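From first to last, the protein sequence lines stand for chains A and B.
Residue numbering for the first sequence follows the numbering used here, starting at 1 and increasing by one per position.
Residue numbering for the second sequence follows the numbering used here, starting at 1 and increasing by one per position.
Some clues are possibly wrong.
Label pairs and their computed distance ranges (CB to CB) [to be verified]:
1. B:C181 to A:T33: 29 to 35 Å
2. B:K103 to A:A15: 31 to 37 Å
3. B:Q96 to A:E41: 26 to 32 Å
4. A:G19 to B:A107: 34 to 40 Å
5. A:V21 to B:E79: 20 to 26 Å
6. B:D59 to A:D7: 31 to 37 Å
7. B:N71 to A:T33: 19 to 25 Å
8. B:G184 to A:G19: 31 to 37 Å
9. A:A15 to B:R192: 18 to 24 Å
10. B:D59 to A:G76: 52 to 58 Å
11. B:R104 to A:D25: 30 to 36 Å
12. A:A42 to B:Q96: 23 to 29 Å
13. A:A42 to B:K103: 28 to 34 Å
Derived from the structure by calculation, the hints contain no laboratory data.
All figures in this text were calculated on a predicted structure; none of them were measured in a lab.
Yeah, the Cβ is synthetic: ideal placement off N, Cα and C, and Gly gets one too.
Listed here are the chains, written in short residue letters.
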Amino acid sequence: MNEQPSDSFEERSRALFNGSVEGLDFATRSRLTRARKAAIEAASASRRPWFFRIGVLTPAAGVTAAAILGVFLWLGSPLGQHAATVADGQSNFEDFELVASADEGSGDAMDMLQDDIEFYDWADKAANPGPAA
Amino acid sequence: MPPFDTLNQAWMVWDGPAPAPEDAVLEYTRELEKFLAEIERRAFRMAQVALRDADDALDVVQDAMLKLARNYASRPSGEWRPLFYRILENGIRDLQRRRTVRKRFMAWLPGPKDDPDSEAQDPLDNVADAAPAIPEALMQGQAMQQLEVSLRALPARQREAFMLRNFEGLDVAETATAMGCSEGSVKTHYSRAVHTLREQLGEVW
Numbered sequence: 001m002n003e004q005p006s007d008s009f010e011e012r013s014r015a016l017f018n019g020s021v022e023g024l025d026f027a028t029r030s031r032l033t034r035a036r037k038a039a040i041e042a043a044s045a046s047r048r049p050w051f052f053r054i055g056v057l058t059p060a061a062g063v064t065a066a067a068i069l070g071v072f073l074w075l076g077s078p079l080g081q082h083a084a085t086v087a088d089g090q091s092n093f094e095d096f097e098l099v100a101s102a103d104e105g106s107g108d109a110m111d112m113l114q115d116d117i118e119f120y121d122w123a124d125k126a127a128n129p130g131p132a133a
Numbered sequence: 001m002p003p004f005d006t007l008n009q010a011w012m013v014w015d016g017p018a019p020a021p022e023d024a025v026l027e028y029t030r031e032l033e034k035f036l037a038e039i040e041r042r043a044f045r046m047a048q049v050a051l052r053d054a055d056d057a058l059d060v061v062q063d064a065m066l067k068l069a070r071n072y073a074s075r076p077s078g079e080w081r082p083l084f085y086r087i088l089e090n091g092i093r094d095l096q097r098r099r100t101v102r103k104r105f106m107a108w109l110p111g112p113k114d115d116p117d118s119e120a121q122d123p124l125d126n127v128a129d130a131a132p133a134i135p136e137a138l139m140q141g142q143a144m145q146q147l148e149v150s151l152r153a154l155p156a157r158q159r160e161a162f163m164l165r166n167f168e169g170l171d172v173a174e175t176a177t178a179m180g181c182s183e184g185s186v187k188t189h190y191s192r193a194v195h196t197l198r199e200q201l202g203e204v205w
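Could you build the full structure based on these sequences and the hints that come with them?
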């Protein structure tokens with residue numbers, strides 16, 4: 001492999017180049033070492049099977065799992081259920097109020113629903129078309 | 001896909017490549033690191049000669065190390081050297097092309113030009129005076145500067161052939177692999193490079 005040309009001009013130029021390599025300053029050597037370590041580390045990581053890389057993901061996976069667990073616990077707790085109940089109750093109450101309230105000059109809401117019964121029937125069929133006859 | 005109780009069951013149905021044993025990975029990682037440690041300073045100097053900029057040279061060398069480690073680490077270690085220099089020379093050429101494009105673009109813009117070539121030195125600026133008491137290191141430094149200037153003035157392929165053959169000690173076949181050309185082309189480029197350099201430097205060395 002090291003079949004180097006042996007002319008005096010080539011020897012001189014090679015010696016100069018080798019001298020310049022030896023004379024590299026500490027900062028440059030240090031940066032090269034860091035670059036080499038980074039390359040080796042990146043290559044090692046990419047060659048490991050996935051189950052050896054799980055350790056790298058552990059912190060993020062732990063945080064995600066803790067967050068999911070927290071959500072489930074909160075929903076399962078009396079506080080979470082209370083919040084859901086309150087929200088549902090609010091919604092039901094509003095529906096009831098809407099149906100029970102009387103619109104000025106047009107009769108009560110039950111009459112209004114009775115009048116539009118065909119509309120609701122049609123709307124229901126349009127939204128849920130059955131099998132073609 | 002059925003669930004797996006153990007990793008072994010998963011691997012039994014996995015039809016991809018088997019994972020390399022950890023010991024083998026560690027072994028060629030160590031070998032690769034040793035190879036890169038041997039080569040990195042010389043590669044940096046070669047890139048610096050070609051690019052005239054230490055930061056750019058470092059970037060190109062780092063990129064070459066990364067690509068070699070990622071893509072070719074599993075190849076036989078005897079192939080690493082020409083592969084590494086091929087990646088390095090490609091990186092140098094890419095950067096030089098980008099510089100050329102940037103220079104052309106900058107030429108259309110008003111104002112001061114960012115021209116890296118403007119820093120090119122005249123070889124005669126570095127010719128030593130006749131003063132007798134110049135330390136050896138200084139003389140060598142000046143001689144190296146002259147060599148660098150002359151190398152930069154060479155066509156890229158000639159410079160590559162000269163540096164890979166003479167500085168790095170690659171044989172003709174390895175140099176051809178590194179340069180991505182035939183062995184005959186390597187010989188031609190190298191011969192022309194030596195001839196030109198000798199003409200330019202022979203008198204002042």
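Against the structure, the hints:
no. : hint                        : in the structure
1   : B:C181 to A:T33: 29 to 35 Å : holds (33 Å)
2   : B:K103 to A:A15: 31 to 37 Å : holds (34 Å)
3   : B:Q96 to A:E41: 26 to 32 Å  : holds (29 Å)
4   : A:G19 to B:A107: 34 to 40 Å : holds (38 Å)
5   : A:V21 to B:E79: 20 to 26 Å  : holds (23 Å)
6   : B:D59 to A:D7: 31 to 37 Å   : holds (34 Å)
7   : B:N71 to A:T33: 19 to 25 Å  : holds (22 Å)
8   : B:G184 to A:G19: 31 to 37 Å : holds (32 Å)
9   : A:A15 to B:R192: 18 to 24 Å : holds (22 Å)
10  : B:D59 to A:G76: 52 to 58 Å  : holds (54 Å)
11  : B:R104 to A:D25: 30 to 36 Å : holds (34 Å)
12  : A:A42 to B:Q96: 23 to 29 Å  : holds (26 Å)
13  : A:A42 to B:K103: 28 to 34 Å : holds (33 Å)
Comparing the model with each earlier hint shows no violations; every hint is respected.
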